[in-house]
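Trainee: Model the full assembly from the supplied sequences, consistent with the hints where possible.
Okay, here's what each chain looks like letter by letter:
Protein chains: 6
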Amino acid sequence: MQTIPFLRKSGSAPFTDRGIKKAGQLLRQWAGEEVKGVAIAGAPLSKTSISHSGAHLSPQTIRMMMQSFSTYSIEEETDMWDYIITDFGDIEMHVTDLFESQTRIFSALRDIQDQHKDAVVITLGGDHSVSAGAIKAFQETRGRVGIIQFDAHFDLRNTEDGGPSNGTPFRQLIENGVIHGNQLIQIGIRDFSNGRLYHDYAKDQGVTVHTMGDIKRDGLLSLLQKSVDQLKQTTDNIYLSLDMDVLDQAYAPGCPAIGPGGLDSHSLIEGIQWLAQDPSVKGMDIVEIDPTLDFRNMTSRLAAYIIMQFTLFYNKREGGTTK
Amino acid sequence: MQTIPFLRKSGSAPFTDRGIKKAGQLLRQWAGEEVKGVAIAGAPLSKTSISHSGAHLSPQTIRMMMQSFSTYSIEEETDMWDYIITDFGDIEMHVTDLFESQTRIFSALRDIQDQHKDAVVITLGGDHSVSAGAIKAFQETRGRVGIIQFDAHFDLRNTEDGGPSNGTPFRQLIENGVIHGNQLIQIGIRDFSNGRLYHDYAKDQGVTVHTMGDIKRDGLLSLLQKSVDQLKQTTDNIYLSLDMDVLDQAYAPGCPAIGPGGLDSHSLIEGIQWLAQDPSVKGMDIVEIDPTLDFRNMTSRLAAYIIMQFTLFYNKREGGTTK
Amino acid sequence: MQTIPFLRKSGSAPFTDRGIKKAGQLLRQWAGEEVKGVAIAGAPLSKTSISHSGAHLSPQTIRMMMQSFSTYSIEEETDMWDYIITDFGDIEMHVTDLFESQTRIFSALRDIQDQHKDAVVITLGGDHSVSAGAIKAFQETRGRVGIIQFDAHFDLRNTEDGGPSNGTPFRQLIENGVIHGNQLIQIGIRDFSNGRLYHDYAKDQGVTVHTMGDIKRDGLLSLLQKSVDQLKQTTDNIYLSLDMDVLDQAYAPGCPAIGPGGLDSHSLIEGIQWLAQDPSVKGMDIVEIDPTLDFRNMTSRLAAYIIMQFTLFYNKREGGTTK
Amino acid sequence: MQTIPFLRKSGSAPFTDRGIKKAGQLLRQWAGEEVKGVAIAGAPLSKTSISHSGAHLSPQTIRMMMQSFSTYSIEEETDMWDYIITDFGDIEMHVTDLFESQTRIFSALRDIQDQHKDAVVITLGGDHSVSAGAIKAFQETRGRVGIIQFDAHFDLRNTEDGGPSNGTPFRQLIENGVIHGNQLIQIGIRDFSNGRLYHDYAKDQGVTVHTMGDIKRDGLLSLLQKSVDQLKQTTDNIYLSLDMDVLDQAYAPGCPAIGPGGLDSHSLIEGIQWLAQDPSVKGMDIVEIDPTLDFRNMTSRLAAYIIMQFTLFYNKREGGTTK
Amino acid sequence: MQTIPFLRKSGSAPFTDRGIKKAGQLLRQWAGEEVKGVAIAGAPLSKTSISHSGAHLSPQTIRMMMQSFSTYSIEEETDMWDYIITDFGDIEMHVTDLFESQTRIFSALRDIQDQHKDAVVITLGGDHSVSAGAIKAFQETRGRVGIIQFDAHFDLRNTEDGGPSNGTPFRQLIENGVIHGNQLIQIGIRDFSNGRLYHDYAKDQGVTVHTMGDIKRDGLLSLLQKSVDQLKQTTDNIYLSLDMDVLDQAYAPGCPAIGPGGLDSHSLIEGIQWLAQDPSVKGMDIVEIDPTLDFRNMTSRLAAYIIMQFTLFYNKREGGTTK
Amino acid sequence: MQTIPFLRKSGSAPFTDRGIKKAGQLLRQWAGEEVKGVAIAGAPLSKTSISHSGAHLSPQTIRMMMQSFSTYSIEEETDMWDYIITDFGDIEMHVTDLFESQTRIFSALRDIQDQHKDAVVITLGGDHSVSAGAIKAFQETRGRVGIIQFDAHFDLRNTEDGGPSNGTPFRQLIENGVIHGNQLIQIGIRDFSNGRLYHDYAKDQGVTVHTMGDIKRDGLLSLLQKSVDQLKQTTDNIYLSLDMDVLDQAYAPGCPAIGPGGLDSHSLIEGIQWLAQDPSVKGMDIVEIDPTLDFRNMTSRLAAYIIMQFTLFYNKREGGTTK
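Protein chains in written order, with this note's numbering: chain F, 1221 to 1543; chain Y, 1221 to 1543; chain L, 1221 to 1543; chain S, 1221 to 1543; chain G, 1221 to 1543; chain X, 1221 to 1543.
Be a bit skeptical, because a hint or two may be false.
Any copy will do: because identical chains look the same in the list, a pair fits if it lies in one copy or spans two.
[To be verified] Derived EDC-like pairs: lysine to aspartate or glutamate, alpha-carbon spacing no greater than 16 angstroms straight-line:
id : residue 1 : residue 2
1  : 1256      : 1312
2  : 1229      : 1312
3  : 1436      : 1484
4  : 1229      : 1395
5  : 1229      : 1253
6  : 1436      : 1490
7  : 1423      : 1295
8  : 1452      : 1438
9  : 1256      : 1381
10 : 1337      : 1456
11 : 1423      : 1297
12 : 1436      : 1295
13 : 1436      : 1296
14 : 1229      : 1498
FYI, nobody ran anything at the bench for these hints, they're computed from the structure.
Mentor: Given below as structure tokens:
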């Protein structure tokens, strides 16, 4: 076979430095093998959003942004190069049947986690509607779920007005009997971003709500410690549902529902680092990034960075999956 | 009651010139009255698009752009100020049930045209999927329809792969027995924008197809004359379905599926002016403008201008509806 | 009268959730009635700006951004739904006579506050030049004014070089004898954003100046406490003049004169919350937001949020105006 | 004096090619000397615009765009390198007194043309309001003016509603007795861009109006020939007033009032080339380019190109001014 | 091996329609096999540009834009689905040694064409500097070259001032003795875009130059016919060098050196279609598209469309390469 | 000589206020005179960047942004109006020979600092590759250098893979024997932004590395104090190399390599203020700002502000250079 010097495949990196590995290269396309440790799966659904959203584009954008990071953590003096993050690819969405799309998200994530007992899947939305199926699949395969939801919003809207949308995932889980309200802790809920009716609903159902004011008073790490302790009493495993709009608009300019008065990115990163070290944390989703609205993919960059920090500390705790 | 000098209602025009009336002011919000002549109705559905689309935002954008035109045609020396264009408002879409949304488009447009026999409704999409319901409603209320479709694409895709989407409206109409293929004439079909399978389907069904090459050879007006004559032989009334992507990307930068090799805007305007004068033309839609992708709302501006030209020549022919 | 299912008026909300009320819906267009409590009035003047400015577009943009917030404060567990914020609309500006425009701002705001003794008017600029008329109108109707000005700049420029511009409002007030310098406290003044000559002028006139360095040393709340105490000694009521460029460019990217070294948004929100509770605070303006320069209306979003927080705490103190 | 190799003054061209001269280098900053031939002067006034406009930024942008052209016309095989275009700089505008600004435009242009009898001044707006002063100054110094106005709009609005704005310059000239209507020929007037009242006014005053329809029927060059002949009968010299919005939005995306149905750029260039050869043409303005709205300064690029073509053919006719 | 329903590989098409094949799927990544017919190779070099350019990004963008076209030509009633276009990938550029990069372009293209005698390679720039190496490689492997260069510029600058840049490729070819001036025909050369010195050089060297004025007088097809006839007399094969800035800025907004007065896209497409049918045409490059400056990748879309039209007519003439 | 009222030179400030001096006016174009105190020199090289970069545009953008600041520090109550900052202009770069460009940077900066012993030159990149030449020139003319590098990255990559790029400047300095590793202190190094191999190299060479974690633990000022003390023990003078990407993406959105987890701008400003007061600090560079990617030139604004703060405190320490 002929070879021609200097030809490289289209789409490959234009420059390679022997001393730098790209975080994106940790992603190994799943090919049917048994998976352990951190994995990602795209749930590119955002037609379910109440407002116009391009969040279905974020799985691919987050993967691309992983190419802008390296594999080496200087703070932990750890090179993740020998580890892999399995990429299960994206779940194919139906063009016009959104309920079918939601069913596919549930069933694909259930199959994945059923077949891969030691995988910790990070589901990349899409909008927050994907969490309903993702969490149901998590519980069916991982045992009784305790949820820590980072969010400016309850996402506890009624499903009569618009069906199962990005405003309703946790309402669906409760109303469908998948979870009881005490399995859910919400962190970062913000002024003028929610309805009183749904706060009443949260209280009635036993959902724990920590507002931005609580975070400012008590500190995020302290609230997380309390939340993990509380959830461990009644649940088997913890699932993190990260709606990026928990962040202030200055730090996450690409969320559909941006606003002032939110969390800063440093605190969120610290929180995720801390949570990743807890043995009970076994699943996660990252939702509500619309790359068509973002500035220089800042919000997807942050998501990619959070995936790396989560994996770093998860691997410290569990040993990780090496090549 | 008190009044305070110089206070004006929020949202009203910041400046009024006694000698200039804005085209947008011709729009009279429908309040239950009997309607004659040109009217508009928004069908803000674009979740049915195969690719990400903000076309549901175009009814409101086109209305806004009508504020950038005046009511006076110097070419015809006609001031349309005394006429009205009824604005039926927008059909409310369901957040997650897209089939319900499509049903609503059909039923609302049927009700409108059923109750207002002398109204000529211009449906503002939305994506091209709205034409399926719009044309069915037209035929049920206006008699056997002949369709002149301006488009770069057949929009005759199968409905199995993705359901009733913006690629399938004319396929749906044929397969559901609403129309026979010979009721449909397509104008502006372009290279590398369609599948051979669907060209075969068009031929099999008796659809008439005029390509961009045909337009360049024969001239648009000549093809339109031929098309109107042909349709009149077997149908009662003519419906224009205007997919703005029939235009070249230089003239319609805000269509989701832009490309080179299309029509120029001057020719399209002339074509619409000519068609508006024919007594058989009784309905129209304007679809596939995504204001989030456009440059300075150029494509919506053109749509608003086309509404004005259509109304001008329609009123010349029919007398129009005065205040 | 006929009705047609699913038709909604153009411009109305595309989706309504029974459990969420939009903050924008608190706005009630003034129709001549007696007004109490918080009200807004637009002063869309920015041709008076030294540099090119689209700040006249911000009243309408801020109103629009109020639609992106709900009526419920979770921190205070208060739903503002039963309250109203009166919208006096915008003061009509002259196209070419800017002095006439400034006179209209003064006279309209004087008439409003004269006729509505219990109204607390938030004037939405426009550029900072509008504050000259707004404050004069406030004092004529509300008694001797004490001003807390949030600003990176003195806005004490001479009026000979360019007339009454967005650089001169407080100079005008002092030179025209409307206020004495000791009625004015400036907070957030920044390095390399002002002239020494005008600092000298501030000192000569007895204006109190707190720089960004002072805020970093003493804390904003402590300086505000001191400022309110100081102003109460010699004035009847306090007026807040909020130039959004007091914020760092990372938090207010849409101000004409952005720069580093400014306040963060959280501190500003806290400051406004605290001030709104003080019975002496009876008027406010929010100026210098140019929506044509902003990113995703971040700065107008923040302004809308500040209006909501101000109203929340004002209503707590005064009872507010209910429907 | 020391010199250091490779240091070049900040702001100078980063690269110089011995075989390419930049058109921008033809501009010679006026320093009090006697001027002959083509000259430019900036009238950076756009606060007089009815809608928000950054057209005051266009003189500087057009100068910058001249740097993107070379001095050599291959069609005429003429290198303009030996010629100069005098740059009189910009007329300083008042920050808040717009009438003062308009007076300054008139008096500066009168002084320039009074002192430089053989100069052909191209005034760079600014908005179209600058033409009122510019044309008055032209007539006072060059004799009875005949005007060929390229425009989508009459610009004959009344001055009561908004004062002397960008909608009124030709009305002002007629009402103030500076010109009689028969001195004015308008070319390119467009549908739905004007009021009937002002068409009536044009007719009453004897203004000649050629619409876009006329251009399409008769051809631009033929209309220009007719116009020049007609004006020569009653006037001494011809002044071209070029509102760039005479062009279709596809060719001049940076005009404040863009729209479809306008002229293409090739035709306009041909028209200007033809006019520049006529000995009666002695003055010109180029107005209504807003660089803040443009795409890649396309519209200013075209303006710069038109200046070069005008100068090329002017110099062919008159010999030009060499260095 | 396990499979999971609905999972698709990341990066694959989110929706597949059985009746539409994407043009991008014709691209087959080269894997060492013998190649016949049309092929592409990326030469992503633009650091050699005189002005800042992101043209190195265009090979990947053009490939992506091929995904927005289908494989079916309705004008020719030909589905190209059974054909392949070989994608040789990109030539790897050195980060800092631009001369090394240029050498690699030459040697890789020479190797490709040497090993694949029946391949017609379309080189995707990069800036126009890549044509120097590309044409040298073409001649070494395909015999004496005749060049038809579509361009607004000569690209005959001297190489002393800035080295071998995007302004010098044809100068290099002549000065290095690779070609004689009579092997080169330039089409579309434009006013104020070139230096007289280089026109003199072109004449001295026997280069044939057709300006935009010539095209407007004689028609593009007629000039192309003449050019092919002329080149055939002294050369073996014809190479097309397509600098996209031959187009008017309205049709190719993404070229680094945009300007008015250029070709329209319809004429260019027709010209390429005509040339592709001539048996002497055996090579091509497409250069000077900067995706970072473009609007919605319009210019890369046009390039992709031209590749498809070229391949369509090439395959008609030669039979093409089927799967 | 004639003068004409209100004419001002093109390019001059459109408005002048007698009480405000612009920081940009402190810049005095060097004309061969002896220079003392703070000076700037542009090194507009970014073709050496591994990724596409427009950083060569930042010297001119930073100069422009100095026009948006005034000369007066209210915190220090100091007007810098009487001082000058010498502007040596830009070093001319070669179009295609990047090694020649790098040599010119070294030699011009050496000549400048050799001829001007009391000048403190701030080199404005360009990318970080310019620091290699800049630091070598500093040491040759100012004695043994101690470097404080603010950076997210080591910039210690090998030079074999891509030559001397923006990833290699400090590696070059060490490998070429210009400095020993203990002369270099890196501050702000971040997770997933570097390779382990280069951390090993840093350790092997005795480079001191302070990560973002270190800054969060110890405080920036404390680390700077320690760093200055450490460097003073073995070096003569301190050079600050400021890669703006040490900042978090929220504060420096215009760096090529943005990311989360970085420094805030307030801390950086404080750090520079502190360092400017130390007598050992004698040189500086500011690199890696790409104005084509920035939002409203925020990052260049910050750079200009830092130049002003540095000069303010330098002048306090040294007396500065007055006019």
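Trainee: Up to 16 angstroms between alpha-carbons, please classify residue 1229 paired with residue 1498: within, between, both or neither.
Mentor: neither (42 angstroms within a copy, 31 angstroms between copies)
Trainee: When no copy is specified for residue 1229 and residue 1395, does a C-alpha distance of 16 angstroms or less occur within a copy, between copies, both, or neither?
Mentor: neither (51 angstroms within a copy, 33 angstroms between copies)
Trainee: My question is about residue 1423 and residue 1295: at a cut-off of 16 angstroms on alpha-carbon distance, are they close within one copy, between copies, both, or neither?
Mentor: between (41 angstroms within a copy, 14 angstroms between copies)
Trainee: When Cα atoms must be at most 16 angstroms apart, do residue 1436 and residue 1296 count as within-copy, between-copy, both, or neither?
Mentor: between (28 angstroms within a copy, 15 angstroms between copies)
Trainee: With 16 angstroms as the alpha-carbon cut-off, assign the pair residue 1256 and residue 1312 to within, between, both or neither.
Mentor: neither (23 angstroms within a copy, 36 angstroms between copies)
Trainee: Quick one: residue 1436 to residue 1295, C-alpha cut-off 16 angstroms, is that within a copy, between copies, both, or neither?
Mentor: between (26 angstroms within a copy, 12 angstroms between copies)
Trainee: From the Cα coordinates, with 16 angstroms as the cut-off, is the pair residue 1452 and residue 1438 best called within, between, both, or neither?
Mentor: neither (20 angstroms within a copy, 34 angstroms between copies)
Trainee: Please work out whether the CA atoms of residue 1337 and residue 1456 approach to 16 angstroms or closer within one copy, between two copies, in both situations, or in neither?
Mentor: This pair counts as within: shortest intra-copy Cα distance 14 angstroms, inter-copy 61 angstroms.
Trainee: As a check of your reading, is residue 1229 near residue 1312 (CA-CA no more than 16 angstroms) within one copy, between copies, both or neither?
Mentor: between (27 angstroms within a copy, 9 angstroms between copies)
Trainee: Cα distance capped at 16 angstroms. Does residue 1256 pair with residue 1381 within a copy, between copies, both, or neither?
Mentor: neither (41 angstroms within a copy, 34 angstroms between copies)
Trainee: Is it within a copy, between copies, both, or neither that the alpha carbon of residue 1436 lies no farther than 16 angstroms from that of residue 1490?
Mentor: For residue 1436 and residue 1490, the Cα distance is within 16 angstroms both inside one copy (15 angstroms) and across copies (12 angstroms).
Trainee: Is it within, between, both, or neither for residue 1436 and residue 1484, if the alpha carbons may be no more than 16 angstroms apart?
Mentor: both (11 angstroms within a copy, 15 angstroms between copies)
Checked against the numbered hints given earlier, the structure breaks hints 1, 4, 8, 9, 14 and satisfies all the rest.
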